[in-house]
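Please build the complete structure, drawing on both the sequences and the hints.
Protein chains in written order, with our numbering: chain A, 1 to 530; chain B, 1 to 276.
Simulated from the structure, these hints should not be mistaken for laboratory data.
Note that beta-carbon positions come from the ideal geometry of N, C-alpha and C, so glycine has one too.
Heads up, a few of these hints could be off.
[To be verified] Computed, partial: chain A to chain B, Cβ under 8 Å:
id, residue
1, ILE271
2, ARG290
3, PRO354
4, ALA362
5, GLU519
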Amino acid sequence: MARLLVQLKLRLLLNALHSSRAAKVSFIISTIFAVLLAVGTFLALASYRGKSTSVDLTAVIFTVFAFGWLIAPIMVFGVDSTLDPSTLALYPLRTRKLITGLLAASATGAWPLANVIGLLGVTVGLASGALGLIVAVIAVGLEVLFCIALSRFVTTSLASLLRSRRGRDLAAFMIIPLFALYEFFTQVVPKAAAEGKITAASFTGFDSWMRWLPPGLAAHAIQDASDGRPGLAFARLGALAAVIVVFGWLWIRSLSRALVTADTTTQAARIRGAKLPLAGLGLRGAVAARFWLYQRRDPTSLVYWALVAVITAAVSASSIIGHNRHPTVILASAVFGAAFVGIFHANSAGLTGPPFFLEATALSRSRDLRAYFSGQNLALCVIGAPLVIAVCFGLAAAAGRPGFGIEAAPIVLAGLGAALGLSNLFSAVLPYPMAKRAGTPMLVAAQGYGAYRIGSVMGTLAGTAVAATPVIIGVVQTATDSDAIRIGVMWPCAAVYGFALALAGVRLAAVAAAGKMPELCQVAVRSAMT
Amino acid sequence: MNNESAPGIPSATGLPRYQPATGGLAVAVRGLWKKFGDKEAVADLDLEIAAGSLAGLVGPNGAGKTTSLSMMTGLLRPDGGQVLVNGLDVWADPPAAKAIMGVVPAEVRLFERLSGEELLEYSGRLRGLPAAEARSRAAQLLNVLDLTEDANRLVADYSTGMRKKAALGCALIHNPSMLFLDEPLEGVDPVSADVIRRLLTRFVASGSTVLFSSHVMELVEQVCDHVSIIDKGKIVVSGTTDQVRGGKTLQRAFIDLVGPRAHDEEVLSWLGSSSS
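Quick look at the structure:
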């Protein structure tokens, strides 16, 4: 069974490699990252040799790996068929045999191998002496085994949930903290480390609580063995092995249950007051209401809004902390935040997907499409303007210069008008089918349409920046004026300017879309939303 | 109706041609043509559907049913030909033609994050109905379609049958005179199918017209008063159900016309034996 499932895993990997050019590129990139992870982790762990905090740092890295094993399968559920017990439920397999097979399949592939190689950096960084080396190798093996058992137990337990709508929604939201963490580690940490705010000593004391977690047990076992305490080292390894056995037992129970449990139909949520709002605004109101509800209920839309906030913050984050602060960059945050509201919506038919047919069967005239685009903009503006302005004010407060929030707000208003107008225009003239890629809730351009995506992203970004320039100049010119003038004059002027830009975009987009509704409909139908 | 020869002259299949009922044509398709790359999906298709009829368009998979219906409803631009719905040219005046049509596509993909009630109301308001009227009609349709209890649930949580019924509600809310349905009962349970069938019969009885595609012959035989068989992008035969059947079951007539796909069954000699 183990051999069969390992072969299945390898076959799935090979098939993915041969299925399409995008899959091949994705596979190669994934392998490169796995190699980088292996080399990077090995070097990082090896570099701790001789440091007083080496065991703390090792425990932190072991814990991060366990956390990664916990999170990653939830996000990529559906990609790896061996993760879903329901795919094997029809076969006459005994649970224990199946467990062995699934364990072997889990350990197969570039990423598990990268884990083992990377973690073996402890043989250089933490272990010393023959006993230390032996214990280090055993500890790494047990750490990886623990990661697999933990990951498989959680995935199997959540299998029926992850097949449901709510489960997929839950998985979608996980990208937000991961994206924020990525931005934190690429923007904030390097600067803090360069200024000496984060050093190896910062991790001192981490092991006071982490040493009792399974990854901490592995790290401390190596240190105990290296310090000549073999009894304690093996006791720790024994405790870790016991934890693995417990998780293995829980996994067996969970798998036994999953194999004979039908897919749970989602506990259907009921909507309170299920009437569309904005009844008095005609077609524009209907479209605005639909978009408004989608921004609240659709996890992909919520993720886009969270990413707008993270991007707005990330543009300035590294410039408003530390000794050399440049709060003027907050104005760039305002432009980027506004632009990304447009960028994330600059392909209306593709983003709506097959349900767009309902709108396509009803809308044809330029007048209807003006209402359609303006309704969409209304909903996006109601969320986008306060969100980006609030983040800019937050950044200004963090920088200790609240005045920059007042200066950023008119740029957001003008930029948002431009970005929404451009997104309408790109929706009409450069539509392309979207696809959902496993592991991310965000929609991407379907294969062969990458250039369309780049075109609309760069076009919206550049167009927004150019359109916002007069307001940026105005803001800089009035920087020394009183807040009353800056708020009382600049804000309304920028709002009117932004409204005019959005209106121009709506009108041009409506004319362009009126002649190509069948083509827009075909783009929507070809979009794969699940 | 097949337009390859003059009315009254038997078609190439030997079956008599269907004469449109009085009251005119609800759908008149002439020389409809669509190519995808080198493949002719629809090849010079002619079809006439009399007003007030419940017509079926049947054919094997890949025959061009969905492509034809998409072009008839203004959702796919044809490479050539003309489509008239109640005398309105779908491709010359799309807004006017779309206003009198309702469409249910084969793969029903609706706005999943709206509730059933919100979805129908949205559909009505898209069609220009005042909000109050759209809400009222939505409630009535949900009742008739047996969806009232689930009106406040998200469409994402609906079963296939419920989605088909919701899509039918969306297509009917503006009271169209012509309804196009692509595989309306595929994957639908018998109870939901009966609800849809009764609603369609009632709709046609009021003088409206329905054209639906299917490859379930028994269903078409039971429900439709007119049938057109499409194969390789062309209408092979068209007429009343009895005319097309020609004394046989529709299934038999269909296979005779379209031709059975023969396979060498010798290779499955092991199948059915008790040994593995």
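Under 8 Å is the threshold here; is the Cβ of A:ARG290 close enough to any Cβ of chain B for the hint to stand? holds (5 Å)
Taking the least C-beta to C-beta distance, is A:GLU519 closer than 8 Å to chain B? Check passed: Cβ of A:GLU519 comes within 7 Å of chain B, closer than 8 Å.
When the nearest CB of chain B is found for A:PRO354, is that gap smaller than 8 Å? holds (3 Å)
Against chain B, run the beta carbon of A:ALA362 and see if the smallest gap drops under 8 Å. Check passed: Cβ of A:ALA362 comes within 4 Å of chain B, closer than 8 Å.
Go through the hint on A:ILE271 and say holds or violated, using the shortest Cβ distance to chain B against 8 Å. Because about 4 Å separates A:ILE271 from the closest Cβ in chain B, which is inside the 8 Å limit, the hint holds.
Hint violations for this structure: none, all hints satisfied.
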